[in-house]
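A.B. asks: What follows is the residue order along each chain.
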Amino acid sequence: MPEPAHHLEQRVYTGVTEEERPVLVAQLWHAGAIKVETVKTSDTYTVTATFRV
Amino acid sequence: MRSIHPFLMSAICALAVGGCQSLNGAPTPIESRKEALAHVSAQMLPAAIQTYDDATAETARRKARDRIIRARIYAIDVNYNDFSRSLSTEQKSFVVGSDVLAAGLTGAATLAKSARTKTHLTTYAGFVLGIRGTVDKELYFSKTLPAIIAQMNASRQTVLAKITEGLARPDSDYPLAAGLADLEAYYVAGTLNGALAAISKEAGVQTQTAEDRIASVTTIAAQYDDLSRKLSRYWQPDGVAFDAGHEARMLACVGPRASVVDLVDVIHGTAAQRTSLVACLTAGGATLN
Chain A
1 MPEPAHHLEQ
11 RVYTGVTEEE
21 RPVLVAQLWH
31 AGAIKVETVK
41 TSDTYTVTAT
51 FRV
Chain B
1001 MRSIHPFLMS
1011 AICALAVGGC
1021 QSLNGAPTPI
1031 ESRKEALAHV
1041 SAQMLPAAIQ
1051 TYDDATAETA
1061 RRKARDRIIR
1071 ARIYAIDVNY
1081 NDFSRSLSTE
1091 QKSFVVGSDV
1101 LAAGLTGAAT
1111 LAKSARTKTH
1121 LTTYAGFVLG
1131 IRGTVDKELY
1141 FSKTLPAIIA
1151 QMNASRQTVL
1161 AKITEGLARP
1171 DSDYPLAAGL
1181 ADLEAYYVAG
1191 TLNGALAAIS
1201 KEAGVQTQTA
1211 EDRIASVTTI
1221 AAQYDDLSRK
1231 LSRYWQPDGV
1241 AFDAGHEARM
1251 LACVGPRASV
1261 VDLVDVIHGT
1271 AAQRTSLVAC
1281 LTAGGATLN
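Chains A and B supply the protein sequences, listed in that same order.
Residues 1 to 53 (this note's numbering) are what the first sequence spells out, left to right.
Residues 1001 to 1289 (this note's numbering) are what the second sequence spells out, left to right.
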């Protein structure tokens, strides 16, 4: 009997500032993200959080 | 009496082969498990976590985090190596030992003169082989044990890569709590149940593919203003821990079925949503600084 399929949901936050980044990342982990990635784009960051739904 | 001698001989042979060093399949470790664990015992104490909690500077927090996580990785590795080594040795010892014992009993039955002794010895041999088959199948998973150990090693490497990647990030991105959660997964990956679950999971290729599918991607243009700061401080009064009571009030204001992710979106999303949230909280008696 195969397990029911789980889907992933991604939320991408663009234009995240240096000040906002640690706050957002901590809140995303607290929200239950299974993965949080941060990529620097010019002077801001793009934070991608993956959730299991 | 003479018919008992072969029985004793076979039992001694079985025990001797079962305890044979070459069955270990690995050289003796340079230090015992207890000695190895003593090297990192300081990082297992609550004081180590307290040091991390007390640190405010990013460098100090990261250093404390790395020490705790690396020490625990080492401790899990020491225990895992001890476990996998003993697992393999026990199986080999049991299988070889019980085979030798059964062969000895069968040989003794052939040599025995008394018909009653022959019957007894043959029955004992059958009993030993029966027990061997059941234990080997149920406890040692028969010949699949090497595959299970290989799965445990592979799963552990996957989780370890995730932890290593996390340790390369700042503490704000990969806090100790996230590291400890990954360490739990690292431990579970090295258990028989974890390996069997992983094997079962891989067997259902279609299910696995479905699991990896990203159902939706939502893009939010982040805005972080003064209200965002106030709401974040209200949610995390000390800047680290989340206040459960405040969180419940905020979620109630965001909407009847709002999730924590929705709350994150309001704090980092559009200004209008934040204004509405702050108004609701203030009306409920909350003070936002």
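One or more hints might be untrue.
Okay, the calculated bits of chain B under chain A, using three or more residues with CB under 8 Å as the criterion [claimed, not checked]:
#1 1218-1227
#2 1248-1261
Between beta-carbon pairs, the in silico distance windows are [stated by the list, open to error]:
#3 A:THR46 / B:SER1276: 24 to 34 Å
#4 A:VAL39 / B:ASP1066: 38 to 48 Å
#5 A:VAL12 / B:PRO1046: 37 to 47 Å
#6 A:THR46 / B:ALA1057: 23 to 33 Å
#7 B:PHE1083 / A:THR41: 40 to 50 Å
#8 A:LYS40 / B:SER1032: 46 to 56 Å
#9 B:ASP1054 / A:SER42: 18 to 28 Å
#10 A:ILE34 / B:SER1032: 14 to 24 Å
#11 A:SER42 / B:ALA1248: 33 to 43 Å
Below, in silico cross-link-like pairs of lysine-lysine (DSBU-like), each with a Cα-Cα straight-line distance of 30 Å or less [said to hold, decoys possible]:
#12 B:LYS1230 / B:LYS1162
#13 A:LYS35 / B:LYS1034
#14 A:LYS40 / B:LYS1162
#15 B:LYS1230 / A:LYS40
#16 B:LYS1063 / A:LYS35
#17 A:LYS40 / B:LYS1063
#18 B:LYS1118 / B:LYS1162
#19 B:LYS1230 / A:LYS35
#20 B:LYS1034 / B:LYS1162
Everything labelled a hint here was simulated from the structure, so no lab data went into it.
Every residue gets a Cβ at the ideal spot worked out from N, C-alpha and C, and that includes glycine.
A.B. asks: For every hint, state whether the structure bears it out.
C.D. replies: Taking the hints in turn, this is what the structure says about them:
1. 1218-1227: As far as the segment 1218-1227 of chain B goes, the hint holds, because 7 residues have Cβ atoms under 8 Å from chain A.
2. 1248-1261: Coverage by chain A holds here, the residue count being 3 at a Cβ distance below 8 Å.
3. A:THR46 / B:SER1276: 24 to 34 Å: At 26 Å between Cβs, range holds.
4. A:VAL39 / B:ASP1066: 38 to 48 Å: violated, 23 Å
5. A:VAL12 / B:PRO1046: 37 to 47 Å: Distance hint for VAL12 of chain A, PRO1046 of chain B holds at roughly 38 Å.
6. A:THR46 / B:ALA1057: 23 to 33 Å: holds, 26 Å
7. B:PHE1083 / A:THR41: 40 to 50 Å: For PHE1083 of chain B and THR41 of chain A the Cβ distance comes to about 45 Å; the hint holds.
8. A:LYS40 / B:SER1032: 46 to 56 Å: holds, 47 Å
9. B:ASP1054 / A:SER42: 18 to 28 Å: violated, 36 Å
10. A:ILE34 / B:SER1032: 14 to 24 Å: violated, 38 Å
11. A:SER42 / B:ALA1248: 33 to 43 Å: For SER42 of chain A and ALA1248 of chain B the Cβ distance comes to about 38 Å; the hint holds.
12. B:LYS1230 / B:LYS1162: violated, 33 Å
13. A:LYS35 / B:LYS1034: Cα-Cα ~35 Å, so violated.
14. A:LYS40 / B:LYS1162: Answer holds: LYS40 of chain A to LYS1162 of chain B is near 20 Å, not above 30 Å.
15. B:LYS1230 / A:LYS40: With Cα atoms ~25 Å apart, LYS1230 of chain B and LYS40 of chain A stay inside 30 Å; holds.
16. B:LYS1063 / A:LYS35: At roughly 22 Å apart (the allowed maximum being 30 Å), LYS35 of chain A and LYS1063 of chain B satisfy the hint.
17. A:LYS40 / B:LYS1063: holds, 23 Å
18. B:LYS1118 / B:LYS1162: violated, 61 Å
19. B:LYS1230 / A:LYS35: Satisfied, since the Cα-Cα distance of roughly 26 Å is no more than 30 Å.
20. B:LYS1034 / B:LYS1162: holds, 28 Å
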